[in-house]
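Novice: The chain contents come next:
There are 2 protein chains.
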Amino acid sequence: MTHDCSFLDDLDLDGAVSRGSSDRKNHAGDFGTREADEVEPDAVVFAASTADVAAVVGAATDHGVPVTPYAAGTGLESNATPVEGGISLSTVRMDTVLEVRPDDLQVDVQAGVIGEDVNEALARHGLFFPPLPSSGAISTIGGMIATDASGQQTVKYGEVADWVLELEVVLADGSVVELGSKAAKTSSGYNLKDLVVGSEGTLGVVTRATLEVAGRPEQVKGGRAVFATLADATEAISDAVTAGVDVAKIELIDDRTALLANTYSDTDLPERPMAFVEFHANHGIDEEIAFCRSVFDAHGLEEMEIASGEAMERLWQARKDITYAAEEYDPDLDIGPPGDVTVPISRYPEMISEVRAVAERYDLFVPCFGHAGDGNLHYFVLADYDDPEEAARAKEAYGELVERAIDLDGTATGEHGVGVGKREYLELEHGEAAVGAMRAVKQALDPRNTLNPGKVIPPE
Amino acid sequence: MTHDCSFLDDLDLDGAVSRGSSDRKNHAGDFGTREADEVEPDAVVFAASTADVAAVVGAATDHGVPVTPYAAGTGLESNATPVEGGISLSTVRMDTVLEVRPDDLQVDVQAGVIGEDVNEALARHGLFFPPLPSSGAISTIGGMIATDASGQQTVKYGEVADWVLELEVVLADGSVVELGSKAAKTSSGYNLKDLVVGSEGTLGVVTRATLEVAGRPEQVKGGRAVFATLADATEAISDAVTAGVDVAKIELIDDRTALLANTYSDTDLPERPMAFVEFHANHGIDEEIAFCRSVFDAHGLEEMEIASGEAMERLWQARKDITYAAEEYDPDLDIGPPGDVTVPISRYPEMISEVRAVAERYDLFVPCFGHAGDGNLHYFVLADYDDPEEAARAKEAYGELVERAIDLDGTATGEHGVGVGKREYLELEHGEAAVGAMRAVKQALDPRNTLNPGKVIPPE
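Listed in order, the protein sequences are those of chains Z and G. Residue numbers are given in UniProt numbering: position 438 of the first sequence equals residue 438, and the series is strictly consecutive. Residue numbers are given in UniProt numbering: position 335 of the second sequence equals residue 335, and the series is strictly consecutive.
There's no promise every hint is true.
[What the hints assert, rightly or not] With a straight-line Cα cutoff of 20 Å, these simulated SDA-like cross-link-like pairs (lysine to any residue) come out:
| hint | chain 1 | residue 1 | chain 2 | residue 2 |
| --- | --- | --- | --- | --- |
| 1 | G | K221 | G | G126 |
| 2 | G | K395 | G | R361 |
| 3 | Z | K156 | Z | K320 |
| 4 | Z | K156 | G | F128 |
| 5 | G | K156 | Z | P217 |
| 6 | G | K156 | Z | R216 |
| 7 | Z | K221 | Z | M304 |
| 8 | G | K156 | Z | D162 |
| 9 | Z | K156 | G | G215 |
| 10 | G | K156 | Z | Y157 |
| 11 | Z | K320 | Z | V226 |
| 12 | Z | K156 | G | A243 |
| 13 | Z | K156 | G | Y157 |
| 14 | Z | K221 | Z | G309 |
| 15 | G | K156 | Z | E218 |
| 16 | Z | K156 | G | R216 |
| 17 | Z | K156 | G | P102 |
| 18 | G | K156 | Z | D246 |
| 19 | Z | K221 | Z | G284 |
| 20 | G | K320 | G | I306 |
| 21 | G | K395 | G | D330 |
| 22 | G | K221 | G | D297 |
| 23 | G | K156 | Z | F128 |
| 24 | G | K156 | Z | G244 |
| 25 | G | K156 | G | K320 |
| 26 | Z | K156 | G | K320 |
| 27 | Z | K156 | G | P217 |
| 28 | Z | K156 | Z | F291 |
| 29 | G | K156 | Z | E212 |
| 30 | G | K221 | Z | E218 |
| 31 | Z | K395 | Z | E427 |
| 32 | G | K156 | Z | N282 |
| 33 | Z | K320 | Z | E116 |
| 34 | G | K156 | Z | D103 |
| 35 | G | K221 | Z | N282 |
[As the list claims (entries may be wrong)] Selected chain G positions facing chain Z (Cβ under 10 Å, derived; list incomplete):
| hint | residue |
| --- | --- |
| 36 | T147 |
| 37 | V169 |
| 38 | V197 |
| 39 | V456 |
If you're looking for bench data, these hints aren't it; they were derived computationally from the structure. Quantities reported herein were computed from a predicted structural model and do not represent experimental measurements. No residue lacks a Cβ here, since even glycine has one placed at the ideal position from N, Cα and C.
Whenever a hint applies, use it, and build me the whole structure from the sequences.
Specialist: Printed below as a string of structure tokens:
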């Protein structure tokens, strides 16, 4: 679908408009988009200011042209693919940390700033932004807000939404609003701020955010724990969380994932289920670690290594390498879309068993790992996606696990968002009436369907 | 305005319909409604089930009759006053704690359950619901959700919204939806759950909630600290919070409020500004208290008493009695609507100075106190509200403080909600376009304006 975007040339933009083939190609998909599913936008606008975003969105609505916001393109569900063509609206130039206010534990940033750049600015004040996802070194704050991202530290600090106080947002008609408040709490009017967070650019384009931040902990230690069985490991993690062990990170990898890591790095990790942990405290960290160890011991802990600084990072390396290790494991196999289901923590052991059962039933290699403290499980269905039969089988296995998570009172996506790929599960998870209410809200705020059409809400 | 509610008699309800004068009178207002502003509903429905709520709301929409949800009636902004008549929909009979799931740190409750009753059920499992407001012994979970209530422990644990995982909600057309997820986090679809939280029953009627809960801390200590000046006290509190002192409560009262407390209880508290603190920990509580004291010392701390158990409760008594003390201070003076402004914590000292300046300028007695750790300031403009000149002066003083809070990047209401009384400040705080977006959302979800009309959104 192509759209006449010539109206862009009449706008008085600080930023640039590009129709060049490499810019269009670069904005045709994100990390989660297979090449065959890429769609090139008709034009890319590199907005330099909120005024640019407002001018483009307002005019696009007037002309009936779709606008798909584009941040760093690290989305995993084609969240930023312009599936109906039109304009890809890049925020990459809006990358300024505007103001750090240590006395309020707040920072104002433009939407296009990279997560780690925020942390760099905060570090000078002894502060940090806790809910940064694993992609924080390459993904933007605006993108994290769009998907309500979260990550390894969510078990202690919550998700991105919990740290967003105020948003500047451009609505579909081009008006600019401030949602939320710089006050620590408010009960003033409808909470449109948290409606926009996680809406993947379909209700408005985030241009600026006021984030809450935290003081850096004085003590940091962490490492890994090895268990005999996957059941032991998952139950140990579940118990540690409900017993109130104050972990900053608590991650799981299964034995298959340990095998991937060994293959990738030529290491000799025990090919058994492992929990990776990290602790943050201002005092008493060793007491907390001892508490954690006592819970793990009750679940057949085999060994636990704890360190700090670089030694800790080395213990964690296998966890950090997972995606690369899975991608490189076998040149004939692709990893497919990463599973991102989340279930109540008491159902986590069941969810893991289900991954095993499905892998066996479909005769596929399905390593799994995840932010176990939140009940968030990632999995890769490794398959030859160029073979139609195998691709279909892999897709079925993948979908069966999503459905199983929903059965277990869980959600289709814990942190990646719906994008294109998860739309088909939305009614199963939320029911027809709730999806109808979502559709009504979209219609109310974006009546001409300008903003990121084809995402989140399934077709009627 | 009266409405024909005879359709209620055709519904097959488990609950009761009352048109009795005492039931109508009892649902004509809430704690914040002056007698002259009360409006009796045409009928009161005591719903016994979600099906009852759905039947009443659906039929009321069909008949164009307003429905105002009524919980315990402890609102302070006439949030539950049926200003356009119609039906008052009481959830008081829906008061069951449905299921405690300790392994998930979750509890399912009906909307009409009293806060402390939830805590009683949780206590048997060593758990508690942390964000309970000060009214928790008399107010319902549904009411707390409706206003996104918070309280003394919000500085450590957050507000009610942060602990609501999933809601069962009856929409204006009578459909029943589940919003949110029992998973600890989700990025699946629009966050309508947090849109309904704080919407004061204007977008849907909450019938059931899944709440997250926490383990009870093993160590609890607290007490009070006396400062020479109000500036010292506010700066000490602000510094303690930003320095990362892990307080569970940190409250302020000014010298005028200390005077009220002495008058009320015939005590001899120092009539100086005081901070009330409480600490929760599983280990290391004394280290944390020492850290707090060191911060306070740097701001002219005069004395600090810390205790546990009943001795701690006694130290806190003056804080707990404030509202009663203010009401009884002078039989000729009424307390008026309680101020509920919230500002970024660095602006808290300025906000307090403004209260002093306004009190002096308007020649009124304005004691103030509040959840200082969140920047939430309550104040009473004591005046003879039966004297039209004095009432007008008091109203002006009250409003000037709300406007000043908004100037200071704050909010008109930190926890009481908008109701009727704060509607006039909504555009000043959020701007016309944002209020327009709120109005569009209301129109989308409740096109016939059935649900709690006349609240939150100002008239166009």
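Novice: Work down the list of hints and note, for each, if the structure agrees.
Specialist: Going down the list of hints, with the structure as the test:
1. Restraint check: the Cα-Cα separation between K221 of chain G and G126 of chain G comes to about 18 Å, which is no more than 20 Å; the hinted pair holds.
2. For the proposed pair K395 of chain G and R361 of chain G, the alpha carbon gap of about 13 Å is at most 20 Å, so the pair holds.
3. Our distance criterion of 20 Å between C-alpha atoms is met by K156 of chain Z and K320 of chain Z, whose separation comes to about 19 Å.
4. The hinted pair formed by K156 of chain Z and F128 of chain G meets the criterion: a straight-line CA distance of about 18 Å does not exceed 20 Å.
5. At roughly 16 Å between alpha-carbon atoms, K156 of chain G and P217 of chain Z fall within 20 Å of each other, so this suggested pair holds.
6. Restraint check for K156 of chain G and R216 of chain Z: the C-alpha separation of about 17 Å stays at or below 20 Å, so the hint holds.
7. A C-alpha spacing of about 13 Å is found between K221 of chain Z and M304 of chain Z, which places the hinted pair at or below 20 Å, so the restraint holds.
8. Between K156 of chain G and D162 of chain Z the alpha-carbon distance is near 13 Å, which keeps this suggested pair within the 20 Å criterion.
9. With a C-alpha separation of about 14 Å, the suggested pair K156 of chain Z and G215 of chain G falls inside the 20 Å cut-off, and the hint holds.
10. Only pairs whose Cα atoms come within 20 Å are accepted, and K156 of chain G paired with Y157 of chain Z is accepted, the gap being roughly 12 Å.
11. This hinted pair checks out: K320 of chain Z and V226 of chain Z have alpha carbons roughly 17 Å apart, not beyond 20 Å.
12. About 19 Å separates the Cα atoms of K156 of chain Z and A243 of chain G, which keeps this hinted pair within 20 Å; it holds.
13. Simply put, K156 of chain Z and Y157 of chain G have alpha-carbon atoms about 12 Å apart, close enough for the 20 Å limit, and the pair holds.
14. Distance hint between K221 of chain Z and G309 of chain Z is fulfilled; the C-alpha atoms sit about 7 Å from each other, no more than 20 Å.
15. Under the criterion of a C-alpha separation no larger than 20 Å, the hint pairing K156 of chain G with E218 of chain Z is consistent with the structure, at around 19 Å.
16. Using a Cα cut-off of 20 Å, the hinted pair K156 of chain Z and R216 of chain G holds, with the two alpha carbons roughly 17 Å apart.
17. The straight-line distance between the Cα atoms of K156 of chain Z and P102 of chain G is roughly 18 Å, inside the 20 Å bound, and the hint therefore holds.
18. In summary, the hint linking K156 of chain G to D246 of chain Z is supported, as the alpha carbons are separated by about 14 Å, within the 20 Å threshold.
19. Proximity of K221 of chain Z to G284 of chain Z is assessed by CA-CA distance (about 11 Å); at most 20 Å being required, the pair is judged to hold.
20. The suggested pairing of K320 of chain G with I306 of chain G holds, with an alpha-carbon distance near 17 Å, which does not exceed 20 Å.
21. A hinted pair counts as satisfied when its Cα atoms are at most 20 Å apart, and K395 of chain G with D330 of chain G qualifies at roughly 19 Å.
22. With a C-alpha separation of about 19 Å, the suggested pair K221 of chain G and D297 of chain G falls inside the 20 Å cut-off, and the hint holds.
23. Using a Cα cut-off of 20 Å, the hinted pair K156 of chain G and F128 of chain Z holds, with the two alpha carbons roughly 18 Å apart.
24. Taking the CA atoms of K156 of chain G and G244 of chain Z, the gap is near 15 Å; set against the 20 Å cutoff, the hint holds.
25. A threshold of 20 Å between alpha carbons decides the hint, and for K156 of chain G with K320 of chain G the separation of about 19 Å falls inside it, so the pair holds.
26. The suggested pairing of K156 of chain Z with K320 of chain G is violated, with an alpha-carbon distance near 31 Å, which exceeds 20 Å.
27. Our distance criterion of 20 Å between C-alpha atoms is met by K156 of chain Z and P217 of chain G, whose separation comes to about 16 Å.
28. A hinted pair counts as satisfied when its Cα atoms are at most 20 Å apart, and K156 of chain Z with F291 of chain Z qualifies at roughly 16 Å.
29. About 14 Å separates the Cα atoms of K156 of chain G and E212 of chain Z, which keeps this hinted pair within 20 Å; it holds.
30. A threshold of 20 Å between alpha carbons decides the hint, and for K221 of chain G with E218 of chain Z the separation of about 24 Å lies outside it, so the pair is violated.
31. Under the criterion of a C-alpha separation no larger than 20 Å, the hint pairing K395 of chain Z with E427 of chain Z is consistent with the structure, at around 19 Å.
32. For the suggested pair K156 of chain G and N282 of chain Z, the alpha carbons sit about 16 Å apart, so the restraint of at most 20 Å is met.
33. Proposed proximity of K320 of chain Z and E116 of chain Z is supported: the alpha carbons are some 16 Å apart, at most 20 Å.
34. Straight-line distance between C-alpha atoms of K156 of chain G and D103 of chain Z comes to about 17 Å, which keeps the hinted pair within the 20 Å bound.
35. The suggested pairing of K221 of chain G with N282 of chain Z holds, with an alpha-carbon distance near 19 Å, which does not exceed 20 Å.
36. Hint status for T147 of chain G: holds, given a least beta-carbon distance of 5 Å to chain Z, under 10 Å.
37. For V169 of chain G, the interface hint holds, the least distance from its beta-carbon to any beta-carbon of chain Z being 9 Å, beneath 10 Å.
38. Hint on V197 of chain G holds. Least Cβ distance to chain Z is approximately 7 Å, under the 10 Å limit.
39. Because the beta carbon of V456 of chain G sits about 6 Å from the nearest beta carbon in chain Z, less than 10 Å, this interface hint is met.
Violated hints, listed in ascending order, are 26, 30; each of the other numbered hints is respected by the structure.
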